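J.: Below are the chains, spelled out letter by letter.
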Amino acid sequence: MTDVHPIDPRNVQLTEDGKLRHFLSIGGLSKEILEEILDTADSFVNIGEKSVKKVPLLRGKTVVNLFFENSTRTRSTFELAAQRLSADVLNLDISKSATAKGETLMDTLQNLEAMGSDMFVIRHADSGAQHFIASQVTPDVAIINAGDGRHAHPTQAMLDMYTIRKHKGDFSKLKVAIVGDILHSRVARSQVQALNILGAEEVRLIGPKTLLPDNLAELGAKLYTRMEDGLKDVDVVIMLRLQKERMDGALLPSEGEFYRLYGLTSEKLNYARPDAIVMHPGPINRGVEIESVVADGPQSLILNQVSYGIAIRMAVMSMTVSGQMQQKNQQDQNNEEASA
Amino acid sequence: MTDVHPIDPRNVQLTEDGKLRHFLSIGGLSKEILEEILDTADSFVNIGEKSVKKVPLLRGKTVVNLFFENSTRTRSTFELAAQRLSADVLNLDISKSATAKGETLMDTLQNLEAMGSDMFVIRHADSGAQHFIASQVTPDVAIINAGDGRHAHPTQAMLDMYTIRKHKGDFSKLKVAIVGDILHSRVARSQVQALNILGAEEVRLIGPKTLLPDNLAELGAKLYTRMEDGLKDVDVVIMLRLQKERMDGALLPSEGEFYRLYGLTSEKLNYARPDAIVMHPGPINRGVEIESVVADGPQSLILNQVSYGIAIRMAVMSMTVSGQMQQKNQQDQNNEEASA
Amino acid sequence: MTDVHPIDPRNVQLTEDGKLRHFLSIGGLSKEILEEILDTADSFVNIGEKSVKKVPLLRGKTVVNLFFENSTRTRSTFELAAQRLSADVLNLDISKSATAKGETLMDTLQNLEAMGSDMFVIRHADSGAQHFIASQVTPDVAIINAGDGRHAHPTQAMLDMYTIRKHKGDFSKLKVAIVGDILHSRVARSQVQALNILGAEEVRLIGPKTLLPDNLAELGAKLYTRMEDGLKDVDVVIMLRLQKERMDGALLPSEGEFYRLYGLTSEKLNYARPDAIVMHPGPINRGVEIESVVADGPQSLILNQVSYGIAIRMAVMSMTVSGQMQQKNQQDQNNEEASA
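Chains as they are written, first to last, in numbering that gives the first Met the number 0: chain R, 0 to 339; chain Y, 0 to 339; chain Z, 0 to 339.
Simulated from the structure, these hints should not be mistaken for laboratory data. Among the hints, erroneous ones may be present.
[Claimed, not checked] No farther apart than 27 Å at their CA atoms in a straight line, the calculated lysine-lysine pairs in the DSSO-like style are these: (1) 165(Z) <-> 327(R); (2) 172(Y) <-> 30(Y); (3) 53(Z) <-> 327(R).
[Said to hold, decoys possible] One side of the interface only, derived from the structure: several residues of chain R facing chain Z at Cβ under 8 Å: (4) 89; (5) 109; (6) 324; (7) 325.
Note that this is a predicted model, so its numbers are computed, not measured. Cβ coordinates follow ideal geometry from the N, Cα and C atoms, glycine included.
Kindly generate the complete structure, drawing on both the sequences and the hints.
T.: Shown next as structure tokens:
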């Protein structure tokens, strides 16, 4: 898990007119784009409750799920989102070994492009892999980042923003705490960026000193090592999943010790505001990160997050395809004018 | 393979108005409901022969195949049935280990519910698992039992009933023999229940004494250990599949010995009525349970059963979704009246 | 990998009226049929560039991908082709061991037929397996050969023919060279047949003596062991993939030695005509069969081949279903007349 590719998200993600064209990371996107994503998701949230949960926006489009890292859960949410947009979906299991060399990966992708794919939904263990791919593909394909290394998991961050806006409203009045293994979390990084762009009053990171990276503080977050201090008066508590498989050494005490210090019990939740909401990206480890009575309690929005996640994925899928088509039409027109 | 959950099928399977809402087991269903399933299947049998094998009844619905026990064959029939009803299908491979605790299983299911799933088709090694799940899910999801432990395999039983009714007519005049490893068969249990509810004249179970359970006799079946006696004058012979993987010890002699005593040869078939039909749930073990000349002969309906199986699955899928929507509308209306 | 089934392709592939009914091998097909396939593919090539890449030709049809040999890439092209024809697709992973006996394989297939399948797309390690299956199935199923043993890979050959015709025109004026491991290539065999049927001026096979089979020369091809001689003045260079997994012994020197002698470098490409086109079935081994500068160069049509491959598969799928329906109607009519 290394940062193999230098990342310049600004130019790649947007069309010349500033429309979303790939969705790779929160960094480099404006408040207006993020709010457009949230507004678009709003229109899809209701679809999940209708008897026919389908709109024809991506009819005849081919969405390829390219998961270099296995994640049935995340893949399923993208598959459902694509189906509800009426797209055709191709799930490809790509072992990382088969594409050890960047060149071979590009051959694989160019082949999929040549088959007429319109979108790649990519999860990859290397930070920046999706940016690299996005910088290489033809104008016909949109790239959605479904998680890359420790770098970003932008659709998760946006569904969290959606949850916060829907249940707490105006970001400028909100204190938000993110709790747990910040260091290894691609979600936390994306969340801090999104909260700052959307103008949250205060973003706090809570965890053991060994799992609190400095560079997130630079992005605009306060660091806390004690729940008592960090949760004080917050409006939103976002618990992270313990990424056991991502930990290399002895950065962490035992699970029991972690729970005692950072597990969200109803007792610790009392430090927050009485109307604070509780979120978690799932799947939850009951009794490790969170007490069951909190996970299932009235302040928990954990299952709502799942529902909103489908809507957010439908939003970025439809927006990037629309941006990509607009860009292509623009280029075709430019070519015609140039040759006229 | 233990019976972990107490089962009370009566209330869970039906709406307040007595419509099918989940399809979990034959037990607890009335003759009217079983006949409605058979009649509904009738309307779907013809679809398989049309050039466009599709109806829009489940358009925009999401069907999730949750197979905790692997069975490509059964899963495929449900997948095809769902596709022909125009549903979107999500196949999930769920290793049993990942859901060892009931609580974790419920988290998984609640997540799938939150994604807007309309139906879970579930196969599980634990008897009663589907009943437990059905008692826990929200009003938005219908549960179909695709086989649980030794308990039930109700869609298989109903396709068998469909086959019998289509080819032999009135159940009240029929003697039916079920042959083989009755003890380990979830199909046999469901078949005996269905035949009795539909009013079969006589239900017989034939097998070695070690594989004949007492409790099925209580449900209304005669026990036989010799084919000569059990097959005498029957109208229908249903062979069971030898569930080798389900046998724990030395309940059975050799395969050759089993075939000699209970394999359906053309010679043994002569004990039955000349116009008796031969059925088998498949896949068949030629030369173990059945002689090839019988399996492929004019009395065999083994392949017809497969075709009818798609229609039966379409029937219970469309009926449960319809029942579930009706129940939900009723509840919404009740809520409105309560709050008015 | 043995030739278990004797092959008589002529009768099985065509209806009584000479329409395509299965697509098993190039052998036995007329120039007219091959040209009809190419013309039909022409109408589908443009679909891949439209915003809605879908036609309703196979709506309500069920296509089953039966890959006894794993090939994600080939399966994906058939899956996409089926989706763009609006068919429902069922992917089955069939381990070869589960169907060791031909009889058991036939039971599996008859079950899939009984489920209302309209088409089997089959890849199998045994030469002739698809012919055997096609000779056994009911009139309701069309068989497409997606590669069998060393025998044939006819959709690959046809997409190559499409590429040649689209970029070089009239076959009668073309010299075509096929380079590499001819002996183990099912593609080469199909290509030689197709080129001869379509009237190519000259077909050449280039490779080390140990990898040049005599029987292809009998089909109408000249054998060369030196690139300098074989590539001289050709219009088309088709590189084969090194089938390392197919080689039994020491037929081949090292990879480096192979590349030195038969790898397509820009230097060696100079022997061909200056406007020669370069093709490869993919996936390419850069630096083993072909130099990167050639693979990515202006004469290379490797990615075009992938696009055309979807169109060719859509063509044979729609033509065989149409042929199969016509045959069935004819038979129904004959039966009615016979009984009238």
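J.: Please go over all the hints and tell whether each is borne out by the structure.
T.: Verification of the supplied hints:
A threshold of 27 Å between alpha carbons decides the hint, and for residue 165(Z) with residue 327(R) the separation of about 25 Å falls inside it, so the pair holds. Pair hint residue 172(Y) plus residue 30(Y) holds up; C-alpha atoms about 16 Å apart against a cutoff of 27 Å. Restraint check for residue 53(Z) and residue 327(R): satisfied, since their Cα atoms lie roughly 20 Å apart, inside the 27 Å limit. Proximity of residue 89(R) to chain Z holds as hinted, the smallest CB-CB distance being about 6 Å (cut-off 8 Å).
Below 8 Å, beta-carbon pairs count as interface contacts, and residue 109(R) has one with chain Z at about 6 Å; its hint therefore holds. Restraint check, residue 324(R) versus chain Z: the minimum CB separation of about 7 Å is within 8 Å; hint holds. Evaluation of the residue 325(R) hint against chain Z yields a violated restraint, the C-beta minimum of about 12 Å exceeding 8 Å.
Checked against the numbered hints given earlier, the structure breaks only hint 7 and satisfies all the rest.
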